[in-house]
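Q: Take the sequences, apply the hints, and build the full model.
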Amino acid sequence: MSRKYVLNKIRTALGRWAGQSADAPLVTRLVIPQMTTEEKVAIFLQAIEKLGGQACRAFSSSEVCALAAECIGEGPAIASNSGILQEYGITALPGVQAGFKDPEELKAACNSSKVGITGTDYALADTGTLVLFSSYEEARMISLLPPIHLAIVPHERILTGLDELFSVLPQPAEVSSSMVLITGPSRTADIEQILVRGVHGPGMIYVIVV
Amino acid sequence: MREIPVEQFRRTLEHEALQAAIYTATGRLMKERARVVAPEVLPDFEELRDQARQIKRHTLDNLDYYLEQFENAVVKRGGKVVWCKTGKEVVNFLQELAASKHARLIVKSKSMTTEEVSLNEQLAHQHVEVVETDLGEYILQLAGERPYHIVAPALHKTRYEVGELFRDKLGVEKETVPEKQTAIARRALREKFLAADIGITGANFLVADSGAVVLVTNEGNGRLTTTVPKVHVVVAGLEKLIPRAQALPVFLKLLGRSATGQPLTVYTSFLAGPRREGEIDGPEEFYVVLLDNGRTRLLEDGNKRESLYCIRCGACLNHCPVYRKIGGHNYPWVYSGPIGKIITPQFLGLAENAWLPFASSLCGACAEVCPVKIDIPTILLELRKEEQTLALRQGKGRAERLMFRLWAWVMKRPALYEVLGSIAASVLPCKEGQVWVRDIPAMLNRGPVNAWLSQRDFPTLPKASFRQIWRKRVAKG
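Which chain is which? The protein sequence lines are A and B, in order. Here the working numbering is used: position 5 in the first sequence is 5, and no number is missing along the way. Here the working numbering is used: position 386 in the second sequence is 386, and no number is missing along the way.
Calculated from the structure, these hints are not laboratory results. Since the structure is predicted, the reported quantities are computational estimates derived from the model, not experimental observations. Every residue, glycine too, gets a C-beta built ideally from N, C-alpha and C. Mixed in with the good hints there might be a few duds.
[What the hints assert, rightly or not] Using 30 angstroms as the maximum straight-line C-alpha spacing, the simulated DSBU-like pairs for lysine-lysine come out as follows:
| # | chain 1 | residue 1 | chain 2 | residue 2 |
| --- | --- | --- | --- | --- |
| 1 | A | Lys107 | B | Lys463 |
| 2 | A | Lys4 | B | Lys476 |
| 3 | A | Lys107 | B | Lys101 |
[As the list claims (entries may be wrong)] A few chain B residues facing chain A, derived, Cβ under 8 angstroms:
| # | residue |
| --- | --- |
| 4 | Pro178 |
| 5 | Gln181 |
| 6 | Gly220 |
| 7 | Ala247 |
| 8 | Leu271 |
| 9 | Arg275 |
| 10 | Arg276 |
| 11 | Trp355 |
[What the hints assert, rightly or not] To be clear about the criterion: a stretch of chain A counts as covered by chain B if any three or more of its residues have a C-beta under 8 angstroms from a C-beta of chain B, and this derived list gives those stretches:
| # | stretch |
| --- | --- |
| 12 | 29–38 |
| 13 | 68–75 |
| 14 | 92–99 |
| 15 | 149–156 |
| 16 | 163–173 |
| 17 | 199–207 |
A: Okay, structure coming up:
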């Protein structure tokens, strides 16, 4: 058995015995700057723009819906099962499909949609990052297959940065099998170091902060 | 011992376009990195490096503990861990898995670890198609080459070459605009993603307390590979562990910045097991292959153990004066640059790669930029020492040892040293105003002296030695 062989080899090399415990690992210093919500929103919007995305703010549900409609255009678009998308009436917009539960149907629909619309579990202000958990509300493919990603971010979900995310959430694996941090549109510089957006994921990200 | 590929070096050095490509690409990566690690942008950069180093040291010093913790956590969430001593075992496992799933098509996101194994060729024997999905890797797969650089695998290819490659292999019109080339690859690979049976990825980090795999990509191929196919297989070196999820911010901040100058890479996936009940999509099966392939050998030596701290950011390649001249394909194995020089001989055996640790000027740029502060120059010196001991034991290098013994003997005898010094000064030409010895008497210019002077300059000897000047001063009072 390779398992036994490898573990034995490691223990011999390190001078440890089976079942020996380890000292507690270093506690990393997580720095969480004090910021008002307004400051966080401003930094977040700026960071998204800097990454090549587009970000704006809405203050009422009708405003959210109007901005989303503008972004979706004629569609076709696919929306996640996130509660806030229904609440703001985005799922009812023309050209928007929603309510998928079967992965195969979802795959086909995502692949033929122009816009994927999701909510957001958290957002990180300093890097302009969207944090999404895979769940019955949010499928992984919606923020991935269509060429445009539209995310609705409730302002209270914006954290200062990575450090705050991992202190609020020391065990992301407890929440979901998949947590993904999305920082800007999909990009590459593999050919002559020339930046190209939209390789396999969306080439454009629109963010509406509510 | 493998021969030093001198001819191959020469071809690279004489290839002007290639020289320019390596120089500008690495130069740009250096500049981007410098911009985001500057003290005014990231004041705690040094602190992050220290923390990362400490965490890696702690994890490797207790590696068996964290491996078992990781395994338990993966199993608890419905995944499976497969331990492999060698690359061959990885191939066997994947061949069996592919057969049992009747898999015909495998998509793969960029992974240096699977490059160690030559997976694609091995699975092709079984009529399973393996497709690379990172744009750079895809280009190289079409061209039949191995990666030129850890993070920018196709940096040596011009867009004209890519255009011709796509035309020949994909049957499309020749296109030389990278944006359009990317669109061609997107279309071709999207079909593959949708049809794939299995997705294979590497891992940037394995998180012991969560049983999670962390993957970092810019293009989104990592996410597609781990989302669309029904089976996800991770192939990771067993040194990739970190103890807890809370250590991730430190590493993520360092990795993106050191690699490409991004504060955070576009997609960071934190994946813990297969799709859970209630989740709409994601793989149904989740395997983590833990690969040894020589890694445990490095644990034995407490000094060289730190070679395993590497997080594969590629910063040492970009800053290395040797890599920047000879490029990535002149190194004998998949890992190039300074990190390749220390891990290749240690993974595969020093005897076969004896020249590698010597191919360095020991300038130390690699250690200066390493995000986990691996002391590459010191490890290079240790490997040199090991190689020499090995050679002596085999009866090689006796003449060299004799020379150095003689040298030491002379150095310990000041009077003799002075006499020999004055003889040397009278033999060597030292015209007025001449700083370097360029031509020496033909009688002397042969054998090792000739070899030495053909690559180096030797300063002319002064008229009076330090000792003579000193004695004069003391005599004057």
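Q: All the hints need checking, so say for each whether the structure fits it.
A: Verification of the hints:
1. A/Lys107 / B/Lys463: Violated: A/Lys107 and B/Lys463 sit about 83 angstroms apart, past 30 angstroms.
2. A/Lys4 / B/Lys476: 77 angstroms, violated
3. A/Lys107 / B/Lys101: 20 angstroms, holds
4. Pro178: Check passed: Cβ of B/Pro178 comes within 4 angstroms of chain A, closer than 8 angstroms.
5. Gln181: With Cβ-Cβ at 6 angstroms, under 8 angstroms, it holds.
6. Gly220: 3 angstroms, holds
7. Ala247: Cβ of B/Ala247 sits 5 angstroms from chain A, so the hint holds.
8. Leu271: 5 angstroms, holds
9. Arg275: Because about 6 angstroms separates B/Arg275 from the closest Cβ in chain A, which is inside the 8 angstroms limit, the hint holds.
10. Arg276: Holds: closest Cβ of chain A sits about 5 angstroms from B/Arg276, inside 8 angstroms.
11. Trp355: At 27 angstroms from the nearest chain A Cβ, B/Trp355 fails the 8 angstroms test, so the hint is violated.
12. 29–38: Holds, because 3 residues of the stretch 29–38 of chain A bring their Cβ atoms closer than 8 angstroms to Cβ atoms of chain B.
13. 68–75: As far as the stretch 68–75 of chain A goes, the hint is violated, because 0 residues have Cβ atoms under 8 angstroms from chain B.
14. 92–99: With 0 residues close enough to chain B, the hint is violated.
15. 149–156: Since three or more residues must qualify, the claim that chain B covers the stretch 149–156 of chain A is violated, with 0 doing so at under 8 angstroms.
16. 163–173: holds (count 8)
17. 199–207: It holds: at least three residues are needed, and the stretch 199–207 of chain A offers 4 whose Cβ sits within less than 8 angstroms of chain B.
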